[in-house]
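Student: Residue numbers (this note's numbering), protein chains in the order written: chain A, 407 to 701; chain B, 168 to 587.
By construction, these hints were calculated from the structure, which means they are not laboratory data.
One thing to keep in mind: the hints can contain errors.
When the alpha-carbon atoms are kept at most 25 Å apart in a straight line, the in silico DSS-like pairs for lysine-lysine are as follows [unchecked claim]:
id: 1; chain 1: B; residue 1: K341; chain 2: A; residue 2: K688
id: 2; chain 1: A; residue 1: K688; chain 2: B; residue 2: K541
id: 3; chain 1: B; residue 1: K421; chain 2: A; residue 2: K692
id: 4; chain 1: B; residue 1: K541; chain 2: A; residue 2: K560
id: 5; chain 1: B; residue 1: K541; chain 2: A; residue 2: K692
id: 6; chain 1: B; residue 1: K341; chain 2: B; residue 2: K415
id: 7; chain 1: B; residue 1: K412; chain 2: B; residue 2: K341
id: 8; chain 1: B; residue 1: K452; chain 2: B; residue 2: K341
id: 9; chain 1: A; residue 1: K689; chain 2: B; residue 2: K316
id: 10; chain 1: A; residue 1: K621; chain 2: B; residue 2: K452
id: 11; chain 1: B; residue 1: K231; chain 2: B; residue 2: K461
id: 12; chain 1: B; residue 1: K584; chain 2: B; residue 2: K260
id: 13; chain 1: A; residue 1: K621; chain 2: A; residue 2: K692
id: 14; chain 1: B; residue 1: K421; chain 2: A; residue 2: K688
id: 15; chain 1: B; residue 1: K461; chain 2: B; residue 2: K415
id: 16; chain 1: B; residue 1: K341; chain 2: B; residue 2: K249
id: 17; chain 1: B; residue 1: K452; chain 2: B; residue 2: K584
id: 18; chain 1: B; residue 1: K571; chain 2: B; residue 2: K559
id: 19; chain 1: B; residue 1: K466; chain 2: A; residue 2: K692
id: 20; chain 1: B; residue 1: K571; chain 2: A; residue 2: K560
Facing chain B, from chain A, some residues (calculated, C-beta under 7 Å) [said to hold, decoys possible]:
id: 21; residue: K457
id: 22; residue: H484
id: 23; residue: P527
id: 24; residue: R529
id: 25; residue: S532
id: 26; residue: V562
id: 27; residue: P564
Idealized CB from N, CA, C, for every residue including glycine.
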Amino acid sequence: MAENNEAVHLSENYIDFLFLQSQKKHPVFLRSAQKAIPDKIKIHYHRSYRKLEQHSIAHVLFSMFILAGLVDYFILTHYSQITHIISRVARAVLSTCLSPELIQIEAKPYLMYNAYIVNLPGRYPSLLLSIIVALVSIVVIGVIYYSKKAIEPKRVWPVFIFFITLVSSLFFIFFPGFFPYDLEIFSEMYIKTEVGIWVIIPFILTIAFLPFRMKLLSKFLVIMATLFYSIVFACARYIVFLYFLRSATYLFMALMFFMFGPFLDFIYIVGSYSLCITHSAKKNQKDVELWNWLY
Amino acid sequence: MELAILILRTYTVLEILILLVYTVRHFTFTFNRIFGEQRLYYQDIVDSELDYVTILVPMHNEEKVARDVLTQLTQIDYPKDKFEVIPINDHSKDGTREILDEFAAQYPYIKPLHRDTGGRGKPHGLNDAMALATGNIMIVFDADYIPPKGIIRDIAICFKDPQVGAVMGRVIPKNTGTNMLTRLLDMERSGGYQIDQQARHNMVLIPQYGGTVGGFRKDVALSMGGFNPNLLTEDTELTFLLFLKGWKVVYANKAECYEESPEDWGVRARQITRWSRGHTQVMLKSLKPLLKSKHLAFKEKVDGLLLLLIYLIPLIMIIGIPVSLALFFLGEMNIFDFIFIFVLVAAYNSFGNFAPFYQIGTASYIDGVTDRIKLLPLFFFCFLFNVLYISKGAASAFLDIILKRNPEWQKTARFRKQNG
């Protein structure tokens with residue numbers, strides 16, 4: 407401790423010296439020196455073998471119970487009300503552009519209770535539309551594929567999008583009477599999948615947060631905020647899907663489900679995780695007490 | 168039709184199970200690294216009797232980077248009479264030869280090997296260089312690497328253990344701040360080395376020799392017939408050959424060396440395609456011997472199996488896309504009710520195969536990274552990119568066998584701007 411104080415003292419003298427020098431012509435040097443020298447006094451563990459102290463089993467179980475268990479309990483006992491609210495909002499919004507008589511809210515049994523969905527009549531694509539979409543898809547895939555030798559991520563995504571659209575349009579060209587879904591089934595699938603996502607969010611984030619030293623309340627708030635965002639996003643996307651499928655026909659149902667469905671939900675889940683860990687990393691990097699070495 | 172549906176369903180369920188196994192694997196590694204006891208390598212050994220080492224630097228048209236790596240090697244902290252540097256000029260058409268000759272004239276321990284005839288590629292070059300090498304310990308750096316002063320000792324000292332056949336150090340990208348790709352690759356590398364490799368070392372599993380920033384015993388490599396020029400990942404081959412013969416591979420997390428990571432998506436695509444193709448070649452060659460090996464413990468076999476199969480996962484996933492579409496149009500979407508979510512979770516966890524988000528997040532946290540962690544969601548957009556090109560590489564490896572063709576070695580392009 408005495409050595410530390412001495413080091414601080416010496417470095418402050420040194421900074422004073424630099425400050426005097428800086429009066430002449432080295433202000434930039436001074437700024438970096440002021441910041442850098444006190445940091446040098448602390449010797450941090452090298453990143454190669456530093457680690458965090460292991461949580462006790464009781465802590466892990468308690469975290470899992472509070473963060474995953476209780477939140478999941480809330481979801482599993484309230485998804486009926488949540489899906490009902492989503493369906494009511496969707497009906498209210500869709501009523502502004504579609505005839506309200508067409509839009510029904512229906513209860514579908516799911517797990518222990520009912521999940522509520524919006525049902526409205528959809529449209530099948532015409533043969534001409536299917537052929538046009540198939541041709542456009544082939545052209546776009548070809549153009550993207552041959553535009554550059556290497557396909558960047560921003561080009562790979564459209565390829566997959568147009569590939570699924572192509573498969574769908576070919577299905578409607580050759581087997582138009584065999585499409586096994588309507589908007590009611592799609593609605594049911596979508597809502598049930600979203601309930602599943604809400605159950606998974608607390609579970610994934612609780613496990614992913616386990617290594618990090620954050621207050622339980624902070625973790626709880628992040629999980630709840632992510633869940634809230636997920637519910638709002640699910641509602642907004644539901645409205646867009648229903649409107650789009652009603653207007654643009656079932657031709658795009660596969661695309662909606664596979665590329666813009668639950669797949670996208672993981673972006674904001676990881677987004678929440680990354681923001682939280684960034685905050686924790688900034689707070690804890692310089693905390694010598696936090697890090698252990700080897701054992 | 169019912170049989171077809173049964174097959175499609177079975178495929179989907181198997182895909183989910185495989186992805187879940189890899190999810191558990193990544194979680195295990197992540198928790199081991201952040202909480203578990205860390206196993207050091209041999210960094211604390213102090214021995215004045217340092218082995219004579221030969222440093223090999225394979226080069227093909229490396230005029231942009233050759234000068235840097237050689238300059239670094241002239242400044243290393245290792246007795247000058249205990250090492251030699253053999254830069255391997257492999258059919259270069261640019262100014263590489265002149266640079267090597269210039270250094271050779273100045274430093275007697277730099278002994279260039281100019282290869283203008285014979286097969287091209289890293290395995291050919293390494294085989295020829297081993298024939299010339301004086302030392303038994305070979306330490307390899309790719310030409311775009313910037314070896315720090317103490318790294319030769321850090322790697323060489325491990326060979327004091329007679330059971331060690333190869334050593335792998337840690338690769339750190341130097342050009343991280345260049346663009347989004349380099350930032351993402353830095354995080355991906357962090358996940359791969361800080362978590363994957365160190366956890367494997369901790370758990371006494373199968374740390375991988377990566378072909379650069381590492382070393383191996385020449386006599387052992389030669390006793391195995393040298394490097395197979397028809398394989399694109401000679402490093403993975405050596406790893407498994409060593410383990411199958413009872414040798415150990417050590418991972419030295421502190422032996423850090425800077426590299427230049429690809430700055431262009433096209434280069435990255437070719438790089439991961441080559442890795443995948445080569446890794447799958449080794450998988451096809453090593454799978455059976457691995458399972459039958461008497462030198463490996465059960466947990467090493469399990470880890471080796473998962474490591475060998477890792478580049479097949481994207482191919483399994485890409486086949487899963489038409490399978491899922493077929494089930495969708497056959498009206499079999501009900502099987503996705505809840506399970507589909509697990510597919511997505513597992514797929515997302517795999518994240519194009521290199522490291523899932525929590526592994527990269529944890530590795531970055533240990534590494535002291537802060538703001539860059541916010542880029543994690545962007546890995547999602549690399550997902551299909553990785554899946555596509557890794558699948559392409561893995562499929563090529565199978566086609567190589569069917570069509571009885573030998574793949575050609577492709578060098579990774581360099582981006583370094585020359586000084587002056």
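Student: Evaluate each hint against the coordinates.
Tutor: Outcome of the hint check:
no. : hint              : in the structure
1   : K341/B <-> K688/A : 22 Å, holds
2   : K688/A <-> K541/B : 12 Å, holds
3   : K421/B <-> K692/A : 20 Å, holds
4   : K541/B <-> K560/A : 19 Å, holds
5   : K541/B <-> K692/A : 19 Å, holds
6   : K341/B <-> K415/B : 29 Å, violated
7   : K412/B <-> K341/B : 35 Å, violated
8   : K452/B <-> K341/B : 34 Å, violated
9   : K689/A <-> K316/B : 33 Å, violated
10  : K621/A <-> K452/B : 50 Å, violated
11  : K231/B <-> K461/B : 46 Å, violated
12  : K584/B <-> K260/B : 19 Å, holds
13  : K621/A <-> K692/A : 18 Å, holds
14  : K421/B <-> K688/A : 23 Å, holds
15  : K461/B <-> K415/B : 14 Å, holds
16  : K341/B <-> K249/B : 28 Å, violated
17  : K452/B <-> K584/B : 40 Å, violated
18  : K571/B <-> K559/B : 17 Å, holds
19  : K466/B <-> K692/A : 37 Å, violated
20  : K571/B <-> K560/A : 35 Å, violated
21  : K457              : 6 Å, holds
22  : H484              : 18 Å, violated
23  : P527              : 19 Å, violated
24  : R529              : 18 Å, violated
25  : S532              : 19 Å, violated
26  : V562              : 5 Å, holds
27  : P564              : 10 Å, violated
Violated hints, in rising order: 6, 7, 8, 9, 10, 11, 16, 17, 19, 20, 22, 23, 24, 25 and 27; the structure is consistent with all others.
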